[in-house]
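Asks: One-letter residues, chain by chain:
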Amino acid sequence: MKIYLFLFFATLIAFLISITTGSVNINIFQMSEIEKTIIFNYRLPLSLEAAFIGSILGLSGAILQIILKNPLADGFTTGAASTAALGGVLVICIGLPYFFVPVFASVFGMLGISFAILLSKDSLKHTTLILAGIVVNIVATAIIGFLKYYYEESVGSIVFWLMGGFFNPNYIKSTILFVALIFSFIFFVKNSIKLDIMGFDFFTTSSMGINVKAFRSINYFISAFLVGIAVSFSGIIPFVGLIVPHISRFIGGFESKELIILSTILGALVMLLSETLARTIIKTEELPVGILTSIVGGLFFFYLMLKRKDNWNESG
Amino acid sequence: MKLTKSTVLAALIVLFSFNLSFAYKRVVLLAPDVADIFHKLNLDNVVVGKTKNVKLFKNAKIVGTHLSVNTEILISLKPDLIVARRKTEFDASKLKGVKILIYNPHTLKGIIKEIKLIGKMFNRGKKAEELTKNLLDKIKQLKPIKHKPKVVFEIMQTPYLVAGKKCIVNDIIQTAGGINIINKNRMFVRTLQENILLKKPDIYIYEVGPMNKNPTPPNKRAIFKDTSMLIVKVDESKFLRSNTVSFDSVVYLNNLFYEWSKNRK
Chain A
1 MKIYLFLFFA TLIAFLISIT TGSVNINIFQ MSEIEKTIIF NYRLPLSLEA AFIGSILGLS
61 GAILQIILKN PLADGFTTGA ASTAALGGVL VICIGLPYFF VPVFASVFGM LGISFAILLS
121 KDSLKHTTLI LAGIVVNIVA TAIIGFLKYY YEESVGSIVF WLMGGFFNPN YIKSTILFVA
181 LIFSFIFFVK NSIKLDIMGF DFFTTSSMGI NVKAFRSINY FISAFLVGIA VSFSGIIPFV
241 GLIVPHISRF IGGFESKELI ILSTILGALV MLLSETLART IIKTEELPVG ILTSIVGGLF
301 FFYLMLKRKD NWNESG
Chain B
1 MKLTKSTVLA ALIVLFSFNL SFAYKRVVLL APDVADIFHK LNLDNVVVGK TKNVKLFKNA
61 KIVGTHLSVN TEILISLKPD LIVARRKTEF DASKLKGVKI LIYNPHTLKG IIKEIKLIGK
121 MFNRGKKAEE LTKNLLDKIK QLKPIKHKPK VVFEIMQTPY LVAGKKCIVN DIIQTAGGIN
181 IINKNRMFVR TLQENILLKK PDIYIYEVGP MNKNPTPPNK RAIFKDTSML IVKVDESKFL
241 RSNTVSFDSV VYLNNLFYEW SKNRK
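For the record, the sequence lines run as chains A and B.
In this text, residue positions in the first sequence follow the numbering used here: the first is 1, and each later residue adds one.
In this text, residue positions in the second sequence follow the numbering used here: the first is 1, and each later residue adds one.
I should point out that these hints are in silico values taken from the structure, not numbers from a laboratory.
Mixed in with the good hints there might be a few duds.
[To be verified] Not the full set, but computed from the structure, chain B residues with beta-carbon under 8 Å of chain A:
(1) Leu67
(2) Lys120
(3) Gln193
(4) Pro210
(5) Thr216
(6) Pro217
(7) Arg241
Using N, Cα and C, we set each Cβ at its ideal position, and we do this for glycine too.
Bound conformation, chain A alone:
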């Protein structure tokens, strides 16, 4: 309970820092008219969007790692993120209004996951699914490459969008993200005991009355939908879905319920800090947040690799 409260307050402080810090620092107790506009019309929806997307990525990463029993599973290794990105890129290339980006990205994300399941020949085995996800990822990335080449006048928009960031934030986006997050969070928490049981082998889980295939598919699709919606609003923000569940486990999220709650709060915290840093690191410019999470994520993985090297060597 203590850790939940600590993380919750840390996230609140990060949120406050996020809305008051930027190219101009704003004292929320003494604001000019322009500063009020900046806070209420720009930074508030921006910070809300960042927090909800961080939570979504953390939550979906945790669920994918639980059901695939693989600590390397996240929206990227399952193919959902890159296919969602393909949907978004397609909209930019064709020149449809930005409204269609989330629609296309979510639909493409779900299609990507379905295709990965089809490729794994309906086996839903952990490793087969991840391999299928990687195949889908490669194909989607290749098609994105072709689109960048063919629609070269849009290449600036595509590349920047793919780097990840919170573009043109508004309250509608924040509301959509919040609704998606809250419903899936409740669903996962309600089914957390089943998720714990999924840790056992297939026969043990089945003998406890769980339709393994159906339950895994539902969780898989909801996670894919979450990844799709996050990508559609913010482009590709790597490593959050991978790192956050790791840290959550490290600070005590051993059971599914704990892992879900910790990953959701921690995801928001990580993303708020990254987003604030992205906006302040270069004065008057906004660094794509995906670049920051990639650097931090890469370093974190390097640390994990060094820490576990001895164990791997022993087991090898």
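Chain B: place on chain A using the hints.
Replies: Same frame as chain A, now just chain B:
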């Protein structure tokens, strides 16, 4: 001695007539901006290659785009002149002996200078003089602007890019009587929309075209919706290409600024 004199004279005549009659016959335009100048100097017949986005010169072959030129097509066209924005746009090592003209002006004066140069290169000096005179006449007839508006020109909504000092748009705005609020010595400047709001522009111009395909109109964006700035939508091809159309854009903006300033005290 007589023989020497006549030889020298003959050589001079040959050299002189060669200089007069020589003009490039096979030109490839890799800089889309220059196409309009070639067309207005009646040089359509010498253009054998162009990039994808150039609509003029129906008989010219497309050699790719200015970002990815197909070297094989370029060589097969046997050009004697290539007009490009930068030397790095294509593999020049495969085209030895071909004259390369760099066309990348970012001021109206620069455009005039280039038109005269092209006119000279193709023996169209008189035509170039006429054209430049017409263009300069447009500038001479601009109306004086009493209260210069502070202007921002949006190049792209995502990523958020605005025109800097090295963009032709900067000179178009200044010549028309406005002030570009972006003072950075770059063509395109990356910034945040909240920074633009803090600079309080009077007029917000946003372009629509291949670089900014479907932008949300600024007055419909949460951050700008409460501002009273004048929002103007323009066509990318009329503002971002440095050519004769740039002068018409000056006239257009001048009228706009004039009407805006009339209502200011």
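Asks: Quick check on Arg241(B) please, does its C-beta sit within 8 Å of some C-beta on chain A?
Replies: Status violated, d = 13 Å.
Asks: How about Leu67(B): closest beta carbon in chain A under 8 Å, or not?
Replies: Check passed: Cβ of Leu67(B) comes within 5 Å of chain A, closer than 8 Å.
Asks: Report holds or violated for the interface hint on Pro210(B), using the least CB-CB distance to chain A and a cut-off of 8 Å.
Replies: Interface hint status for Pro210(B): holds (4 Å vs cutoff 8 Å).
Asks: Can we keep the Pro217(B) interface hint, with Cβ of chain A closer than 8 Å?
Replies: This hint is violated: Pro217(B) lies away from chain A, its Cβ roughly 11 Å from the closest one there, beyond 8 Å.
Asks: Quick one, is the Thr216(B) hint okay against chain A at 8 Å, beta carbons?
Replies: holds (7 Å)
Asks: Does Lys120(B) meet its interface restraint, that is, does its C-beta lie within less than 8 Å of any C-beta in chain A?
Replies: violated (32 Å)
Asks: Per the CB criterion, is Gln193(B) less than 8 Å away from chain A?
Replies: Hint holds; Gln193(B) Cβ to chain A Cβ min 7 Å, cut 8 Å.
The structure is inconsistent with the numbered hints 2, 6, 7, although it conforms to all the rest.
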